[in-house]
Amino acid sequence: MLIKKRRQSDVLPSEITPESIYRDRRRFLRTSALAAAGTLLAPGWTVAKPMEDLAPLGDLPTSGFSTGEEKNTLEQITTYNNFYEFGTDKEDPMRLAPERLAHRPWTLTVSGEAEKTGEFAFDDFMKGLTLEERIYRLRCVEAWSMVIPWAGVPLAEVIRRANPNSRAKYVKFYTKHDPEVFPAQRARGMSFLASIDWPYTEGLRMDEAMNPLTLLATGLYGREMPSQNGAPIRLVVPWKYGFKSIKSVVRIHFQETEPECTWNQLAPREYGFYANVNPDVDHPRWSQARERRIGELFKQDTLMFNGYGEEVADLYAGMDLRKNF
Amino acid sequence: MAGIRAAVFALCALPAVLLIVGLLQGTLGANPVERLLNGTGSWGLRFLIATLAMTPLRWATGARWVVRLRRQIGLWAFFYAAAHFSVFAVFEHGLGLAAIVSDIAQRPFILVGASALLLLLPLALTSTQGWIRRLGRNWKRLHWLIYPAAILGVVHFFWLIKADRWTEPLIYAGILAVLLGWRVVKRLG
Chain A
342 MLIKKRRQSD VLPSEITPES IYRDRRRFLR TSALAAAGTL LAPGWTVAKP
392 MEDLAPLGDL PTSGFSTGEE KNTLEQITTY NNFYEFGTDK EDPMRLAPER
442 LAHRPWTLTV SGEAEKTGEF AFDDFMKGLT LEERIYRLRC VEAWSMVIPW
492 AGVPLAEVIR RANPNSRAKY VKFYTKHDPE VFPAQRARGM SFLASIDWPY
542 TEGLRMDEAM NPLTLLATGL YGREMPSQNG APIRLVVPWK YGFKSIKSVV
592 RIHFQETEPE CTWNQLAPRE YGFYANVNPD VDHPRWSQAR ERRIGELFKQ
642 DTLMFNGYGE EVADLYAGMD LRKNF
Chain B
919 MAGIRAAVFA LCALPAVLLI VGLLQGTLGA NPVERLLNGT GSWGLRFLIA
969 TLAMTPLRWA TGARWVVRLR RQIGLWAFFY AAAHFSVFAV FEHGLGLAAI
1019 VSDIAQRPFI LVGASALLLL LPLALTSTQG WIRRLGRNWK RLHWLIYPAA
1069 ILGVVHFFWL IKADRWTEPL IYAGILAVLL GWRVVKRLG
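Going down the list, the sequences are from chains A and B. In terms of this note's numbering, the first sequence has 594 at position 253, counting the first letter as 1, and numbering is strictly consecutive. In terms of this note's numbering, the second sequence has 955 at position 37, counting the first letter as 1, and numbering is strictly consecutive.
Rather than coming from a laboratory, the hints here were simulated on the basis of the structure. Note that the coordinates shown come from a computational prediction; the quantities given were computed from them, not determined experimentally. All residues carry an ideal CB built from backbone N, CA and C; glycine is no exception. Just so you know, not all the hints are guaranteed correct.
Stated by the list, open to error - Straight-line C-alpha distance at most 25 Å; calculated PhoX-like pairs for lysine-lysine:
1. A:Lys517 x A:Lys457
2. B:Lys1080 x A:Lys517
3. A:Lys664 x B:Lys1080
4. A:Lys664 x A:Lys510
5. A:Lys468 x A:Lys517
6. A:Lys517 x A:Lys431
7. A:Lys510 x A:Lys457
8. B:Lys1104 x A:Lys431
9. B:Lys1104 x B:Lys1058
Claimed, not checked - Covered stretches of chain A (chain B as the covering partner; in silico rule of three or more C-beta atoms under 8 Å from a C-beta of chain B):
10. 427-437
11. 627-635
Using the sequences and the hints, build the whole thing.
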């Protein structure tokens, strides 16, 4: 007899967004745009590139790692983004990214301590990899969160294919650096106060990178990745604060030493290398104990490792998470 | 004068009206609470700075009626600051008193903002003609508190910036420096 053990995170039929609500999204966009036109409180609130312009990814197998929590709507996921290359306002990416960040051509470079390094056109890079849907919680360091149905491949598969050598202790990722595409990259040196040294970089320890939860995502809601969410390919590390999940990746580099990461370099006291979601370790300026799920008015408790402790707590056994925050 | 007062009232109420309408219509974006928090905070600071601009403005233009708007604009500054705190208390902490107090005590930037609001409270309460008469010369001494309140407000804003978003608080700090500098120069001269 086959007994299906329901994981705590499995989707119940009752939790799937009814199609009527999902279908209603156009009306939402229209009314939003109309309302935005007249209000000085929401400058630049425009409609994001319609999802219909993004290619569907076909039937995706769903993953056992998916959460059953209610998903955030496509509108929420594509209109509220931190993508500082386009500007620091949450609405800057949806306003600028769809027309500026092209999905192709896109070249990915695999470099460093690995056997199969080189430059790959995005479509060649993805060849032989099977996309699956993973519905993950995303917890931003700013104390808000979402539930997002990503489409992607485990990073581990990509790493195995590159065949890193024994000196490869860490993986470093780079976002595309192109001031023609990203207006904020042009402003470099203009701001005399703390300013980001482009390109954006992030890194993982090899065992974190190899964890089955770690995803290289190329889409969401069953279609290819919207530009403002980090097209065409981005990292998703669901037990870490969102800034670790670097967008629009052009380079994956294997190295022996701990990589320099953008936020960690900018404010090492506030953003650690690990950046694991941890309700017990506050950001120096705000509490991390609770979070606001986008769409909710009131906050809810933040879970250790964003609720993925079962899968990842072992990675940090014996480590002082207050020091290695 | 009554017409001008009414127009200023409408203008000052507009941001609040737009925020409320936006909230009810669901057009404040994906995180409406953040909009409410930032909107009320920014407008509180803007009106606080506008209040401080009234006296120099009268001096520059010679128009006496300008300074007669000062009380109203000052009260609007208090209104937005109080609304800012209310949004914080209700939506960040669900009105949990212990959580609010510990958040204020633990986080310097919130403490600074709360102090600014606390300094504004007696000013709002004593803004009536009756209190002006009753307090006499002390009224002016008491209302000097608007200077530290404004400075704390700008510091509060600076302190919560994540990165690269310095433009707005820098503008406020610049205007405030000019307005306070003008007073220092006047006094010394």
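Hints, one by one, checked against the model:
Simply put, Lys517 (chain A) and Lys457 (chain A) have alpha-carbon atoms about 21 Å apart, close enough for the 25 Å limit, and the pair holds. Distance check on the hinted pair: Lys1080 (chain B) and Lys517 (chain A) sit about 22 Å apart at the alpha-carbon level, within 25 Å; holds. For the suggested pair Lys664 (chain A) and Lys1080 (chain B), the alpha carbons sit about 21 Å apart, so the restraint of at most 25 Å is met. Pair hint Lys664 (chain A) plus Lys510 (chain A) holds up; C-alpha atoms about 20 Å apart against a cutoff of 25 Å.
Annotation: proposed proximity of Lys468 (chain A) to Lys517 (chain A) holds, straight-line Cα distance about 21 Å (limit 25 Å). About 20 Å separates the Cα atoms of Lys517 (chain A) and Lys431 (chain A), which keeps this hinted pair within 25 Å; it holds. Pair hint Lys510 (chain A) plus Lys457 (chain A) holds up; C-alpha atoms about 16 Å apart against a cutoff of 25 Å. The straight-line distance between the Cα atoms of Lys1104 (chain B) and Lys431 (chain A) is roughly 43 Å, outside the 25 Å bound, and the hint therefore fails.
Annotation: proposed proximity of Lys1104 (chain B) to Lys1058 (chain B) holds, straight-line Cα distance about 17 Å (limit 25 Å). Residue count for the stretch 427-437 of chain A with a Cβ under 8 Å from a Cβ of chain B: 3. That meets the three needed, and the coverage hint holds. Coverage of a stretch by a chain is defined here by at least three residues with a beta carbon nearer than 8 Å to that chain's beta carbons; for the stretch 627-635 of chain A and chain B the count is 4, and the condition holds.
Checked against the numbered hints above, the structure breaks only hint 8 and satisfies the rest.
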